[in-house]
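Asks: Note that the protein sequences, when read in sequence, are chains A and B.
All residue numbers for the first sequence refer to this note's numbering, where the first residue is 1 and numbers rise by one.
All residue numbers for the second sequence refer to this note's numbering, where the first residue is 414 and numbers rise by one.
There could be a bad hint or two in this list.
[What the hints assert, rightly or not] Subject to a maximum C-alpha distance of 35 Å in a straight line, what follows is the list of computed DSBU-like cross-link-like pairs (lysine-lysine): (1) A/37 <-> B/771; (2) A/56 <-> A/248; (3) A/175 <-> B/465.
No lab work stands behind these hints, which were simulated from the structure alone.
In this text, all values refer to a predicted model and were calculated from it rather than measured experimentally.
Protein chains: 2
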Amino acid sequence: MAFRQWLVDRWREASRRAGFVEVDGPELEPLELYTEKSGPQIAEQLYWLQDKSGRKLALRPEFTPTLARMIAARQASLPEPIRWFNISRCFRYERAQKGRLREFFQWNVDLVGVEGEIADAECISVAIDGLRSVGLTPQDVQVRINDRRLLHDLVKTYLDVSEDAVPRVFALLDKRDKVPPEALSQMVADAGLEPQHRERLERLLTWQSLGEIEQVVSFRTPGEQAGLAALRRLFGFLDAYGIADWCKFDIGIVRGLAYYTGPVWEVHDLKGEFRAIFGGGRYDRLLAELGAKPMPACGFGCGDVILGLLLEERGLRPQAERPAEYFVASADGENWADVLRVVRLLRDRNLSTQFDLKGGNLSRQMKKAADAGARYVLIVGKDLAQAGRLTVRNMQSGVQREVSLEGLADLGK
Amino acid sequence: MAFRQWLVDRWREASRRAGFVEVDGPELEPLELYTEKSGPQIAEQLYWLQDKSGRKLALRPEFTPTLARMIAARQASLPEPIRWFNISRCFRYERAQKGRLREFFQWNVDLVGVEGEIADAECISVAIDGLRSVGLTPQDVQVRINDRRLLHDLVKTYLDVSEDAVPRVFALLDKRDKVPPEALSQMVADAGLEPQHRERLERLLTWQSLGEIEQVVSFRTPGEQAGLAALRRLFGFLDAYGIADWCKFDIGIVRGLAYYTGPVWEVHDLKGEFRAIFGGGRYDRLLAELGAKPMPACGFGCGDVILGLLLEERGLRPQAERPAEYFVASADGENWADVLRVVRLLRDRNLSTQFDLKGGNLSRQMKKAADAGARYVLIVGKDLAQAGRLTVRNMQSGVQREVSLEGLADLGK
Chain A
1 MAFRQWLVDR
11 WREASRRAGF
21 VEVDGPELEP
31 LELYTEKSGP
41 QIAEQLYWLQ
51 DKSGRKLALR
61 PEFTPTLARM
71 IAARQASLPE
81 PIRWFNISRC
91 FRYERAQKGR
101 LREFFQWNVD
111 LVGVEGEIAD
121 AECISVAIDG
131 LRSVGLTPQD
141 VQVRINDRRL
151 LHDLVKTYLD
161 VSEDAVPRVF
171 ALLDKRDKVP
181 PEALSQMVAD
191 AGLEPQHRER
201 LERLLTWQSL
211 GEIEQVVSFR
221 TPGEQAGLAA
231 LRRLFGFLDA
241 YGIADWCKFD
251 IGIVRGLAYY
261 TGPVWEVHDL
271 KGEFRAIFGG
281 GRYDRLLAEL
291 GAKPMPACGF
301 GCGDVILGLL
311 LEERGLRPQA
321 ERPAEYFVAS
331 ADGENWADVL
341 RVVRLLRDRN
351 LSTQFDLKGG
361 NLSRQMKKAA
371 DAGARYVLIV
381 GKDLAQAGRL
391 TVRNMQSGVQ
401 REVSLEGLAD
411 LGK
Chain B
414 MAFRQWLVDR
424 WREASRRAGF
434 VEVDGPELEP
444 LELYTEKSGP
454 QIAEQLYWLQ
464 DKSGRKLALR
474 PEFTPTLARM
484 IAARQASLPE
494 PIRWFNISRC
504 FRYERAQKGR
514 LREFFQWNVD
524 LVGVEGEIAD
534 AECISVAIDG
544 LRSVGLTPQD
554 VQVRINDRRL
564 LHDLVKTYLD
574 VSEDAVPRVF
584 ALLDKRDKVP
594 PEALSQMVAD
604 AGLEPQHRER
614 LERLLTWQSL
624 GEIEQVVSFR
634 TPGEQAGLAA
644 LRRLFGFLDA
654 YGIADWCKFD
664 IGIVRGLAYY
674 TGPVWEVHDL
684 KGEFRAIFGG
694 GRYDRLLAEL
704 GAKPMPACGF
714 GCGDVILGLL
724 LEERGLRPQA
734 ERPAEYFVAS
744 ADGENWADVL
754 RVVRLLRDRN
764 LSTQFDLKGG
774 NLSRQMKKAA
784 DAGARYVLIV
794 GKDLAQAGRL
804 TVRNMQSGVQ
814 REVSLEGLAD
824 LGK
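When you get a sec, could you build the whole thing from the sequences and use the hints?
Replies: Have a look at this one:
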């Protein structure tokens, strides 16, 4: 819980620094919100129930459909661009495994109403701010960026497969690091790929830069042109943001979800030990498909589970906070009214303070203070009532000194 | 959302000041966790579903059963006393009405392992800290305190009803402000109360102090003795905490839940416009009933809905934060790389900063800045690249002045 709260605070701060506003929706949504877009089989992966009036309600598996529903409901009155972020508990009913839990938290940042790649860059800059604020660097993680239009047309023209084979090739690319080789071979066969397709696919995946693509592929389809131009503009903006060293073009980035229409990106750990940490991209058609008027949009999602594993592995998970910085003890185990007076004084100054609720002698209280991880123990004796003075013990150094009640305000400075 | 987040932050801070540690559990719990304690009819008031393996899972209606389950699971290794708080989304499937929603947030503070009334006082002090931190005063709200043992024995001996009529009288007392008079008359009849009982019940409710009870009621049952002594000690502690002016004895406080065993309390608005804002008390038997080893415990819950209505009514709901304090504009609508450089600089200093993602001329950008509620607009022209200088406009006063890039750090101080 200490880790989750720390992480959520970092996410919230990174979003707010970029002027995004927090929103939330209900955790129970109509099941149709998911089945209409993804087909009835999606219900298998959701927790859902039928309410007393026969409505089917699902625990949200992600926030984007809720976002689209919320925008559609108030589209006329929302000032553009819409800069929203959300930190939500989500549920997926699937086999729990490393990095995928049935209940998890997700950070969503969405920017709606801007066509230009500056919006994609803005979202990526917020993601990088979030990564930086948890202690990660470009030596740990990388934003891998592609464009769906570019990839679509390369698959069609360079691989020379039919339009209806493209989604199967996309699925193949998306899964290639996630499934065992046997399963991948089966997928290749299912996708109807001939040996020459597979060879070309492998070659395509070796391309490292936009320049290389332009050299190798001489034809220029509309998708290639649009994708290449968009990526060039996007990398220009990322450079202006000063975050180009976090970012890299990667022809192999697909994003599984069908709704992306332009730039797509994922954040991966450089060692390749984990699945993608962030996934994002442009989804200019989704709002219209979910009942809103068409609006350009882009954004990303980041879960707490894989990021937590990565931070654990890198030794970046913070120590849990001490339950209390201060502990107030009674010198004689009797003068509880004086103890409470000091407790109140400290708490009124926003200092986290405990005392021994079970009373007892001083050595028992000192043990309690040590167990609670207190940094300072204030020992309250007869001097408090008589002279307004008490003893402060620094628990790390063991040094004790006398202070006045008024002097308490300067403690810890 | 801005209000919820503000409120949750206040709750979290008040809990931490008193050295409580945040915990959470899953939102889906086995349905039996609720039906075993409250009977199968409780399922009617819960959102629940049957999973693929036939287990019945309920969306939690409150946190206490989860707390008990968590404590039971690790009881041997948890250092005592256990000081936990939780802020959870809860669900109740009932008719939505003013002050009661189907999805809501609840602040729970629990102190487990301490028998003495100092623990009850500690919980009440955290509740009052929470009330104070949202701007409420003893002129707005009051903590009304009673003891279940005292009330139980007074109902039995002073009213002279049978043991099995006591719960019905409790229900009657608990509902007396919440149901219309006709319904209450019916409850009185159902409770089997004779005219002389009702007269005595009305007289009992007029008692204002512990002293008055001691004068009127000459007999001393064990429950009366224990309850009176506990309340005297509790009020002594509340006095030592310096919060006695927030607290009042109230013989009419029952708390509906059967599990309370000692002091019970509610926070009410003084004008009596709303239902109880907090409910709390001692529940020394609950942990054992939910499968843990017996442990004394007390705590409280506070929902966001009624508190929100009260703060609204008192004009204490905070203004929503500005989405961005700073807005960076391009003087000529061209030099976006310079704009992004300034944006980055401000965000790196943790200042919330926006710019116009759609570009356009300066007057259009100034309008966007005003719409976003920005406090300062930084206008970036050719001087930035040439001399490292830019213009700052205070949006409230309209005053503009020149600053250097280095001078940006002092903005807003």
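Asks: State for each hint whether it applies.
Replies: Going down the list of hints, with the structure as the test:
Distance hint between residue 37 of chain A and residue 771 of chain B is fulfilled; the C-alpha atoms sit about 30 Å from each other, no more than 35 Å. Between residue 56 of chain A and residue 248 of chain A the CA atoms are separated by roughly 43 Å; this puts the pair beyond 35 Å, and the hint is violated. Simply put, residue 175 of chain A and residue 465 of chain B have alpha-carbon atoms about 26 Å apart, close enough for the 35 Å limit, and the pair holds.
Going down the numbered hints, you'll see the structure goes against just number 2.
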